[in-house]
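Undergrad: The listed protein sequences correspond, in order, to chains S and Y. For the first sequence, my numbering assigns the number 847 to the last residue and increments by one with no breaks. For the second sequence, my numbering assigns the number 257 to the last residue and increments by one with no breaks.
Worth flagging that the hints you see were computed from the coordinates, not collected in a lab. Every value quoted in this text rests on a predicted model; they were computed, and no experiment measured them. Accuracy of the hints is not assured; some may be wrong.
[What the hints assert, rightly or not] Here are a few chain S residues that face chain Y, going by a calculated C-beta distance under 7 Å: (1) Cys498; (2) Glu529; (3) Ile664.
A virtual CB, placed ideally from N, CA and C, is assigned to each residue, including glycine.
Chain by chain, the residues:
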Amino acid sequence: MVIRQKPVDVVLVGFGWTGAIMAQQLCDAGFNVLALERSASQTTPDNFATTFDQDELRYMWRHHLFQNVKYSTLTFRNNPMQQALPMRHLGSFLPGTGVGGAGVHWNGQIWRFLPADFQLKSHNEKRYGKQATNGLTIQDWPVSYDELEPHYTQFDLVCGTSGKAGNLKGAIQPGGNPFEGMRSQEYPTPPLPMTYAPAMFAKVAAALGHHPFPHPAGNLSKPYTNPYGAQLGACTFCGFCEKFGCGNYAKASPQTTLIPYIMQKSNFELRTECEVLKVEKTPDGKTATGVTYIDSSGVQHFQPASIVVLTAYQFHNVHLLLLSGIGKPYNSQTGEGVVGKNYCYQTMSSVEVFFEDKILNPFIGAGALASVIDDFNGDNFDHSGLGFIGGAYIAALVTGARPIEMTRVPKEAGKWGLAWKKAAAKYFLRSFSISVHGSSYAQANNCLDLDPTYRDQFGRPMLRMTFDFPDNDIKMAKYCTDRATDVAKAMGASSVTPKAQKAPYSIVPYQTTHNVGGTMMGDSPNTSVVNKYSQSWDVSNVFVTGAGLFPQNAGYNPTATLAALAFMSAQAIKTDYRKAPGPLVHA
Amino acid sequence: MSPKSPSKFDRRSVLTLGAALGSSAVALAHDGMLGAPGQDISGTLPWREGETDAPDAAPTGGWTFFTGAEAAFITSAVDRLIPADPTGPSGSEAGVPEFIDRQLAGGYGQGEHFYLNGPWAKGEETQGYQSRLTPAQFYRHAIAEIEQYVGNANQGKAFKDLDAHTQDALLKQMESGTLKLKGSVDSKTFFTMFLQNVKEGYFSDPIYGGNKNGNAWAMIGFPGAHYDYSPWVTAYNRRLPVKTVGLLGRRGWTRG
C-alpha cells in the first residue's frame, strides 16, 4: 500500500546546505515547501555540544555523523576492465547524514572559483591550443563568474565568512588574493588570526615572490548576525571542525545560519526518517508528479508536488535521476548520454613539514585557518610547456591536530615500533602539513552509472563509480606539490615529506568529500543534464542542486559554488518559472 | 557505563523489536537512531530532553571479547607496535588491548558501519576491505591463523613466547603482506586494521579504555578535549600552560 500525502508546491529531497537554501528562498517567496530527510533531526545542543564534541574516535573513525554504508553505499572500480565492488567501509570521502548533511561536519572553507574556471575548455584552448585539452572531456559552464557573483555574496552573508578581499569591484586589495574574481563587497567579518605555522608560511611565501593571504573561513573571527537573524559566535580554535559538528555556533552550517529561520515559517515542514525512492512522472514522462518515499517503519508514501528539487548529496542526486529515468544515462563505451558523465573528484596532495626547534602547537586550529597562495591555481600561471592544465591552492592549513589522524613523523621513523614512538613524541608539536588542493578534470572513463550486480536495501541497483586520476591531474599534482615543497624548504624545515597524489585512485585513505559532476549543467541537452538554472532539460519541474552540477572540479572546495548555484536556481524558480512554469532555457 | 545508559538501551531495544515486527522490506537505521520513528517537524528543530547524544564510556573489568589466548597475542603484538621505554606508555600500559577488546565487543566490532552483504570477491587493493566478516570475526580468524603459522614454524610456541626480534620480523611480514596464512585471512589487511586500531586505542579519549590517564596525549603534547585556545593563538614557539584533559576531566579532578 502506498499512502497518498497532501500535495505541496515544492518537495526538497534532502535537507543539508542546498535544501536549507532552497527552503529559505522559496518559503520567503510564498511557496509551500516540504523537505524530506532520510535520516534524523540533529541540533547543536543535542548532537554536537562542546561537552562531548572533541572526540576524534567517535566522529572521525567511527563515522558518527557520516553516511552509514551498512545501509547506503556504492560500488567502485578504477576502470571499465575491473569488476566494481561495494565500498564496504567509508574512507576516501565522508558524506554526511541527517539534518544539515555534510554541512554539519565540513571545515568551513568558503572559496569562489576563478572567472576562467567557468570557461575552462574555451579559455585553455584559446591560450594553449586545442591539444591542451586532449584526453579530457571538460566543458565550459553555462554561467559566468560575474553572473554568479551576487549569489556567492549571498552565501557569504549567510555564513558571515571571515576573510580579506583581494579584488573589490576590480581594484586589487593588499592582503587579499590578487587572483580572485571581482567581489562586490568586503567579507562580512575580518580574517582569522594566524597560528605560528601559517604565519611563518605567509612570510616565507611572500619572500619567494608569491602572494599569501588568509583562507576564507566559515569559522568566524568574531560574532556575527546574518540577514536571517541567526547569531554566530567567535571561533575558539578547538581544532575539531572537519568531521565534527561545532558546539560553539562558530562554524557556519545549516543549523547555525538558516534552519532556525526556516523552521519558523508556517509554509515549511520537515519530515525526517523518510527516504525518497523515486521521482514519479506523468505517462508522457515530461512532468514530475511528485516523489515516492519510504518511512522508517517501511511504509511507502506518494508525495505529490508541483516542483521537485533534488537537494541530496551528489551521489544520491545522480542515483535518483538514473532510477527515475530522468535524462539519458551516460555510456562510457559509446560516449552517449549525460547522466553520470564527468564524475570528478579533487586531486589532493600535501607536504609534511618537520622542525627541530620550533613549537607549532598545531592542535590550535580551525577548519579554514590557513595562509594560502593561489599563484599555482587554475590558469593563474603560464602552463606553456608544462604538459597539463589546472592547478591547486597551496595552504599552510591547520585544522587542528587530532592525534590518531595527524601524528606525523619523518618517513624514516616508520609507522610503528620504538623509532616511531620517539619520533611521534618529538614531532607532534613540531610538524604541520601544507595542503595542495588540486583541480580534477573529466575524462571519458570516469563516470557514475547503475551497478549490474549489487542492489541496495530497497532492491534498487546501487550506484557504480568508475574513477581514476587522469594523467593531466597527476602531472598537475606533481608540479604543484614541488612548488609547495619549495616553500617548505625555504621555511627552514629539518625534514620535508612531499606526498604528491599518484594513480591509481584508492577508495581507502581519506582524501576529501568533494565528489562532483554527474548531473552537470550546460548549454544543451546533448552535453548536460540541467540548464544554467539547474533545471532538468527533460522534466522541467525537476531541479537539481549540489556539486553534481559541476562539469569538472576547480582547485577549490566546492561548497560556496554549489551554494551560489542553489541561490541562482531559487531566484529563477521564484521569478520566471513561477510566471510561466516550463523550460527556462529553450534547447 | 554511564548512569543514563539503561534507559537508552531499553528504548533502542523496543524500537529494534518494533522494526523487526514491522515491514520485512526495511531495517532502516541510522547511527544512534536505530529504527527511529519519522517525525513531522515545524516551528523549531526539537530539543530532545534527556537524549543528548553523548558517548557511552567503555566498561571496565576483564576481557569482554578476547579469549585468554587471543588477549595474550594482542597484548604482546601491541607492545611491539608501541614498545615500553621512558618516552611514554607502551601500548599495553596505555590500555590499548582493553580498548580493542571493547571495540570488538561493541558496534565497531559488530560491523555497525560496514557493508557486508554479498557477493564477495577479493578485488583490488584500491577497492578496500572486501571480507564478509565483521571486524570482530576477522580478528578471531586472523589471530587463529597467525598463531597456527607461528606454532608450525616454532615447535608449537605461541606468538607471546617468541623473542622480540622474531615478533618484529613476523609483524613486518604481515605489514608487507608477505606472510601467507593458511586460511582466508590476508595478513596485510589484518595488519592494517590492527595498526589503525592500536593508534586509535593509544590516542583516543580515555573514556574508551585506552590512552590511560591521557598519558599518550601527554607524551606527544596534545592537551586533549580542550574547548578554547583563543588566548594562545599567537603565542608562537612555546609550550602552553595547559594540562591534558579528557571528556571526563583529568586525574587530579577526581579521586583515584
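Undergrad: Each hint: holds or not?
TA: Hints and how they fare:
A hinted interface residue such as S:Cys498 counts as satisfied when its beta carbon comes closer than 7 Å to some beta carbon of chain Y; here the least separation is about 5 Å, so the hint holds. The interface hint given for S:Glu529 holds, since its Cβ lies 5 Å from the closest Cβ of chain Y, which is under the 7 Å cut-off. The interface hint given for S:Ile664 is met, as the beta carbon of that residue sits about 5 Å from the closest beta carbon of chain Y, less than 7 Å.
Of the hints listed earlier, there is not a single one the structure fails to meet.
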